[in-house]
Amino acid sequence: MQTALLIEQILNGLQFGVMLFLMAAGLTLIFGVMGLINLAHGSLYMVGAFACAAVAAATGSFWLGLVASLAAAAAAGALIEVTVIRRLYERDHLDQVLATFALILVFSEATRWMFGSIPLYLNIPPLLSGTVPLPGGSAYPLYRVAIIGVGIAVAIGLHLLITRTRLGMRIRAGESDREMIGALGVDIRTLYTVVFALGAALAGLAGAMVGALQSVQVGMGEPVLILAFVVIVIGGIGSIHGALVGALLVGLIDTLGRFLLPAALAAFMGPSAAAGIGASLASILIYVFMALVLAIRPRGLFATAG
Amino acid sequence: MSRETLVSLVIVLALLAIPLWATAAGETFYITLATRMAILALAAVGLNIALGLGGLVSFGHAAFFGIGGYAAGILASHAFNMEPLPFGLPGTNAMPVIWAVAIMASGIVALAIGAISLRTAGVYFIMITLAFAQMIFYFAISWPAYGGEDGLSIFVRNRFPGLNTLNGLTFFFISFGLLLAGLALFAALRDSRFGAALQAARQNERRLATVGIAPYRIRLAAFVVSAMVTGVAGALFADLNRFVSPSMLSWHMSGELIVLIILGGVGRLAGPVAGAMLYVAFEYFLGGITERWQFFLGLVLLAVVLFARGGVVGLLAGKARHG
Amino acid sequence: MAEPVLQLSNLVKTFGALKATDDVSLDLRQGEIHALIGPNGAGKSTLIHQIAGSLRPDTGTIRFLGRDVGALGVPERARMGLGRTFQISSLTPEFSALRNVMLAVQARQGSSFRFFRPVMRDRSLTEPAMAMLERVGLADRAAIPAAELSHGERRQLEIAIALALGSKAFLLDEPMAGMDPEGSKTLTGFLDRLRAEAPILLVEHDMDAVFALADRISVLVYGRVIATGTVAEIRADADVRRAYLGEEA
Numbered sequence: 001m002q003t004a005l006l007i008e009q010i011l012n013g014l015q016f017g018v019m020l021f022l023m024a025a026g027l028t029l030i031f032g033v034m035g036l037i038n039l040a041h042g043s044l045y046m047v048g049a050f051a052c053a054a055v056a057a058a059t060g061s062f063w064l065g066l067v068a069s070l071a072a073a074a075a076a077g078a079l080i081e082v083t084v085i086r087r088l089y090e091r092d093h094l095d096q097v098l099a100t101f102a103l104i105l106v107f108s109e110a111t112r113w114m115f116g117s118i119p120l121y122l123n124i125p126p127l128l129s130g131t132v133p134l135p136g137g138s139a140y141p142l143y144r145v146a147i148i149g150v151g152i153a154v155a156i157g158l159h160l161l162i163t164r165t166r167l168g169m170r171i172r173a174g175e176s177d178r179e180m181i182g183a184l185g186v187d188i189r190t191l192y193t194v195v196f197a198l199g200a201a202l203a204g205l206a207g208a209m210v211g212a213l214q215s216v217q218v219g220m221g222e223p224v225l226i227l228a229f230v231v232i233v234i235g236g237i238g239s240i241h242g243a244l245v246g247a248l249l250v251g252l253i254d255t256l257g258r259f260l261l262p263a264a265l266a267a268f269m270g271p272s273a274a275a276g277i278g279a280s281l282a283s284i285l286i287y288v289f290m291a292l293v294l295a296i297r298p299r300g301l302f303a304t305a306g
Numbered sequence: 001m002s003r004e005t006l007v008s009l010v011i012v013l014a015l016l017a018i019p020l021w022a023t024a025a026g027e028t029f030y031i032t033l034a035t036r037m038a039i040l041a042l043a044a045v046g047l048n049i050a051l052g053l054g055g056l057v058s059f060g061h062a063a064f065f066g067i068g069g070y071a072a073g074i075l076a077s078h079a080f081n082m083e084p085l086p087f088g089l090p091g092t093n094a095m096p097v098i099w100a101v102a103i104m105a106s107g108i109v110a111l112a113i114g115a116i117s118l119r120t121a122g123v124y125f126i127m128i129t130l131a132f133a134q135m136i137f138y139f140a141i142s143w144p145a146y147g148g149e150d151g152l153s154i155f156v157r158n159r160f161p162g163l164n165t166l167n168g169l170t171f172f173f174i175s176f177g178l179l180l181a182g183l184a185l186f187a188a189l190r191d192s193r194f195g196a197a198l199q200a201a202r203q204n205e206r207r208l209a210t211v212g213i214a215p216y217r218i219r220l221a222a223f224v225v226s227a228m229v230t231g232v233a234g235a236l237f238a239d240l241n242r243f244v245s246p247s248m249l250s251w252h253m254s255g256e257l258i259v260l261i262i263l264g265g266v267g268r269l270a271g272p273v274a275g276a277m278l279y280v281a282f283e284y285f286l287g288g289i290t291e292r293w294q295f296f297l298g299l300v301l302l303a304v305v306l307f308a309r310g311g312v313v314g315l316l317a318g319k320a321r322h323g
Numbered sequence: 001m002a003e004p005v006l007q008l009s010n011l012v013k014t015f016g017a018l019k020a021t022d023d024v025s026l027d028l029r030q031g032e033i034h035a036l037i038g039p040n041g042a043g044k045s046t047l048i049h050q051i052a053g054s055l056r057p058d059t060g061t062i063r064f065l066g067r068d069v070g071a072l073g074v075p076e077r078a079r080m081g082l083g084r085t086f087q088i089s090s091l092t093p094e095f096s097a098l099r100n101v102m103l104a105v106q107a108r109q110g111s112s113f114r115f116f117r118p119v120m121r122d123r124s125l126t127e128p129a130m131a132m133l134e135r136v137g138l139a140d141r142a143a144i145p146a147a148e149l150s151h152g153e154r155r156q157l158e159i160a161i162a163l164a165l166g167s168k169a170f171l172l173d174e175p176m177a178g179m180d181p182e183g184s185k186t187l188t189g190f191l192d193r194l195r196a197e198a199p200i201l202l203v204e205h206d207m208d209a210v211f212a213l214a215d216r217i218s219v220l221v222y223g224r225v226i227a228t229g230t231v232a233e234i235r236a237d238a239d240v241r242r243a244y245l246g247e248e249a
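Chains as they are written, first to last, in this note's numbering: chain W, 1 to 306; chain X, 1 to 323; chain A, 1 to 249.
The reader is advised that the hints may include incorrect statements.
As the list claims (entries may be wrong) - Subject to a maximum C-alpha distance of 25 Å in a straight line, what follows is the list of computed SDA-like cross-link-like pairs (lysine to any residue):
#: 1; chain 1: X; residue 1: Lys319; chain 2: A; residue 2: Thr126
#: 2; chain 1: X; residue 1: Lys319; chain 2: W; residue 2: His93
#: 3; chain 1: X; residue 1: Lys319; chain 2: W; residue 2: Asp95
#: 4; chain 1: X; residue 1: Lys319; chain 2: A; residue 2: Arg141
#: 5; chain 1: X; residue 1: Lys319; chain 2: A; residue 2: His49
#: 6; chain 1: A; residue 1: Lys168; chain 2: A; residue 2: Pro4
#: 7; chain 1: A; residue 1: Lys168; chain 2: X; residue 2: Arg206
#: 8; chain 1: A; residue 1: Lys19; chain 2: A; residue 2: His49
#: 9; chain 1: A; residue 1: Lys19; chain 2: A; residue 2: Pro39
#: 10; chain 1: X; residue 1: Lys319; chain 2: A; residue 2: Ser90
#: 11; chain 1: A; residue 1: Lys185; chain 2: A; residue 2: Thr126
#: 12; chain 1: X; residue 1: Lys319; chain 2: W; residue 2: Asp92
#: 13; chain 1: X; residue 1: Lys319; chain 2: A; residue 2: Arg121
#: 14; chain 1: A; residue 1: Lys168; chain 2: X; residue 2: Ala214
#: 15; chain 1: A; residue 1: Lys19; chain 2: W; residue 2: Asp177
#: 16; chain 1: X; residue 1: Lys319; chain 2: A; residue 2: Lys168
#: 17; chain 1: X; residue 1: Lys319; chain 2: A; residue 2: Thr59
#: 18; chain 1: X; residue 1: Lys319; chain 2: W; residue 2: Arg91
Stated by the list, open to error - Calculated from the model, a selection of chain X residues having no Cβ within reach of chain A, i.e. all distances over 10 Å:
#: 19; residue: Met1
#: 20; residue: Arg3
#: 21; residue: Glu4
#: 22; residue: Thr5
#: 23; residue: Leu6
#: 24; residue: Ala25
#: 25; residue: Asn81
#: 26; residue: Gly148
#: 27; residue: Ser153
#: 28; residue: Asp191
#: 29; residue: Ala209
#: 30; residue: Ile213
#: 31; residue: Ile218
#: 32; residue: Thr290
#: 33; residue: Arg292
None of these hints come from the bench; they were simulated from the model. The beta-carbon is built from N, C-alpha and C at its ideal position, and this holds for glycine as well.
Produce the entire structure from the sequences given, and follow the hints as far as they go.
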């Protein structure tokens, strides 16, 4: 087995994991602070990607597109929070699931209306289009390394936000006792809108960055959303730390699984059978992992109380 | 006769009226539409047992719908090409056998999924059921033997002894008959001791435990029965379309089943029927006007969730009375 | 002396640094009402949770009807005969008073996996349930959903449910809470007669009721039982007066 290939796959896994973290962090924050399960998060990912692609195409600058993605996703998030989401906080989970599912339909079809069904293309900015040499001789895309870097930066940034700022303090207080912080005079409504918009911005950022790797199309956020759910179930709903660990684990297990399983199976069955069965097993590997984690820790690895 | 019973009767008769009218008017396409309504209604009746009565928000019921569908597809395809299944079992294209297999397969998978998922609650349960269904979805896509992403065709609709299943109206009656059986089962469960324990588990788990009934076992049984009913509907659906694909297993399908229930009225007997009729009508008529019909469906859904929580049956029959 | 119906031995329960239950031993004998009193935060609820089975003690044993029930959960202990009522009424809100009691009757008969017979037409459920409602004076409110009952009626319903279970011991958590004087008097009389059927461990703040009903009183302060004795003994106990009752008692 070539070391270079393995290292490349590990980096791919980290990149995937970091992108999942951006999604999962927002989801788990929204759930931790507001107690809301938000299926529309994948749509916010999509909004970010489309905004980036549209602005990048119009202005020729990926960087402007990136700013647009953050702004658009945050704005979309704030908009739906104020109009729909805030009516759901007191409702049961069934209502939240349905309402946010409805939002997915609205967002997807509205996006199709505006942009049509053909995927948009987003180009990697010239600054990041080079490669980085890896031990073993191969070259790894600089852009992917940049994504990993962004992810680490966001993780650190979130940590600082939560532990060092007043907003972070309110967030932590809100996570432990929702009623209390209202009684203490914190403006809950604004806090919730800010938290939601923050989560949305993270999702939009993820969408924009991945948009340059894959294409930008309606529904791109959905597979990611579900994986993000798996991540926060594994990590523990409400825990950003758990989201990071869970995301990296899921990213690595999925990527390495797809890479290693067919190869491992080829050792004792024919190559085509190994490829087929290996692919099948690899695709369900994360879910099996999730089930195992839950068997041992039903509330995830880093579950917070409540 | 209570108001709810009257409303239920009207809804069911309305469904029956569609193919009868269609036959008389020579518009046979609407028979297929009505059959689709009946089958989706049955799938939703299954979910209604777990969700409506038990309060279990399963976001993975498409798994059972798809398992039922694939049971029909796989058995039919083995019967067609005469190859035996593992363990030398023959394929079959007899509907009663297929339904039995669909029921057993969904039941077993539900037992496994439920045993793990029901140890959790709330949001965890929702996400875990979703995750397990996704697992099965991806597995179906990647397993090469039965069509993978492209799906599996059922070239000739499966058979039912003594009936010509190729006839649209006949197949409607088969589906409608199973729907009635499903509704009867729902009503019986709801009014029985089991139903009392299940609904108590939904409303106040602590109270149930304090009188000496363990909520977990009740819920698991409800989850399994619920899956079996949805599984049979899946088998019928495969026969309706003469096609089964992984999309039956997708989380959109799971969401759709929940939508049917909320449109019709959560936990109400005829809720799934009303919801399915509304949804299919919406899909067909609005879909005929614009390809973006799901945008409007989303808006309608939002309106229902925010303002008309009881669904169609809630509007017509008021709040449920539990006696 | 016959073995006590309920026996707690050296129970300890800590939450981090807080010792909520500090080496508690007490027993409940046949035919008695044993009141458990103590200031707020003394750990009475925690103790009740451990007896009922919703909390596991760190160390110590709980014996009910001669059996160590430490490994049993809430439903199992309920089936053995431990009837508990809640400080804040915990009912099945959409069900009527009658159906709430029927659920307990059903549980006692041990038969929840029956799928086909409608419960409302099942005399073996409706009749015993109605009888319990009559005993607590709720018969005329049988068809009212529990959510619509008044506060006092909900307390009565809780007791009817515990009765329907055929309990061998009652764990009553502040049954008088929030009741008007009329209701308290009726309930006091009711509990007085109830002790003959099964002993009662009564957690209460209402001192009039406690002194009227209790055969024995245990005083819980900061998780420890500082005194156990008859009404007279407790009233005279200096520690108790200092810790709880205050000088004028």
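Comparing the hints with the structure gives:
1. The suggested pairing of X:Lys319 with A:Thr126 holds, with an alpha-carbon distance near 24 Å, which does not exceed 25 Å.
2. For the given pair, X:Lys319 sits about 20 Å from W:His93 by alpha-carbon distance, which is consistent with the 25 Å threshold.
3. Between X:Lys319 and W:Asp95 the alpha-carbon distance is near 17 Å, which keeps this suggested pair within the 25 Å criterion.
4. At most 25 Å may separate the alpha-carbon atoms for a hinted pair to count; X:Lys319 and A:Arg141 meet this at roughly 20 Å.
5. Under the criterion of a C-alpha separation no larger than 25 Å, the hint pairing X:Lys319 with A:His49 is inconsistent with the structure, at around 35 Å.
6. Taking the CA atoms of A:Lys168 and A:Pro4, the gap is near 12 Å; set against the 25 Å cutoff, the hint holds.
7. Between the alpha carbons of A:Lys168 and X:Arg206 the distance comes to roughly 20 Å, so the proposed pair stays at or under 25 Å and holds.
8. Between A:Lys19 and A:His49 the alpha-carbon distance is near 15 Å, which keeps this suggested pair within the 25 Å criterion.
9. For the given pair, A:Lys19 sits about 15 Å from A:Pro39 by alpha-carbon distance, which is consistent with the 25 Å threshold.
10. A distance of roughly 22 Å separates the Cα atoms of X:Lys319 and A:Ser90; the hinted pair therefore holds under the 25 Å criterion.
11. At roughly 29 Å between alpha-carbon atoms, A:Lys185 and A:Thr126 are farther apart than 25 Å, so this suggested pair is violated.
12. For a cut-off of 25 Å, the pair hint linking X:Lys319 to W:Asp92 stands: about 18 Å separates their Cα positions.
13. Between X:Lys319 and A:Arg121 the CA atoms are separated by roughly 22 Å; this keeps the pair inside 25 Å, and the hint holds.
14. Under the criterion of a C-alpha separation no larger than 25 Å, the hint pairing A:Lys168 with X:Ala214 is consistent with the structure, at around 20 Å.
15. The straight-line distance between the Cα atoms of A:Lys19 and W:Asp177 is roughly 23 Å, inside the 25 Å bound, and the hint therefore holds.
16. Distance hint between X:Lys319 and A:Lys168 is unfulfilled; the C-alpha atoms sit about 39 Å from each other, more than 25 Å.
17. Under the criterion of a C-alpha separation no larger than 25 Å, the hint pairing X:Lys319 with A:Thr59 is inconsistent with the structure, at around 49 Å.
18. Distance check on the hinted pair: X:Lys319 and W:Arg91 sit about 18 Å apart at the alpha-carbon level, within 25 Å; holds.
19. With a cut of 10 Å on Cβ distances, X:Met1 stays outside the contact zone with chain A, its closest approach being about 15 Å.
20. Once the 10 Å rule is applied to beta carbons, X:Arg3 is consistent with being away from chain A; the minimum gap is 17 Å.
21. Against chain A, the non-interface label of X:Glu4 holds: every CB pair exceeds 10 Å, the least being about 14 Å.
22. Against the 10 Å criterion, X:Thr5 stays outside the reach of chain A, whose nearest CB is about 13 Å from its own CB.
23. Every C-beta of chain A lies more than 10 Å from that of X:Leu6, the closest at about 18 Å, which supports listing it as non-interface.
24. Distance to chain A confirms X:Ala25 as a non-interface residue, since its nearest Cβ pair spans about 40 Å, more than 10 Å.
25. Separation of X:Asn81 from chain A is adequate, the least Cβ-Cβ distance of about 40 Å exceeding the 10 Å criterion.
26. Listed as a non-interface residue, X:Gly148 keeps its Cβ farther than 10 Å from every Cβ of chain A; the least gap is roughly 39 Å.
27. With a least CB separation of 38 Å from chain A, X:Ser153 remains clear of the 10 Å interface cut-off, as annotated.
28. Non-interface status of X:Asp191 relative to chain A is broken: a Cβ of that chain comes within 10 Å, the nearest being about 4 Å off.
29. For X:Ala209, the shortest C-beta to C-beta distance to chain A comes to about 4 Å, within the 10 Å cut-off, and the non-interface label is violated.
30. Its closest Cβ contact with chain A, about 5 Å, brings X:Ile213 to no more than 10 Å, contrary to its assignment away from the interface.
31. For X:Ile218, the non-interface assignment is contradicted: its Cβ lies about 6 Å from the closest Cβ of chain A, within the 10 Å cut-off.
32. The beta carbon of X:Thr290 is kept farther than 10 Å from every beta carbon of chain A, the shortest such distance being approximately 41 Å.
33. With a minimum CB-CB distance of about 39 Å to chain A, X:Arg292 clears the 10 Å threshold, and the non-interface call stands.
Hint violations for this structure: numbers 5, 11, 16, 17, 28, 29, 30 and 31, all remaining hints satisfied.
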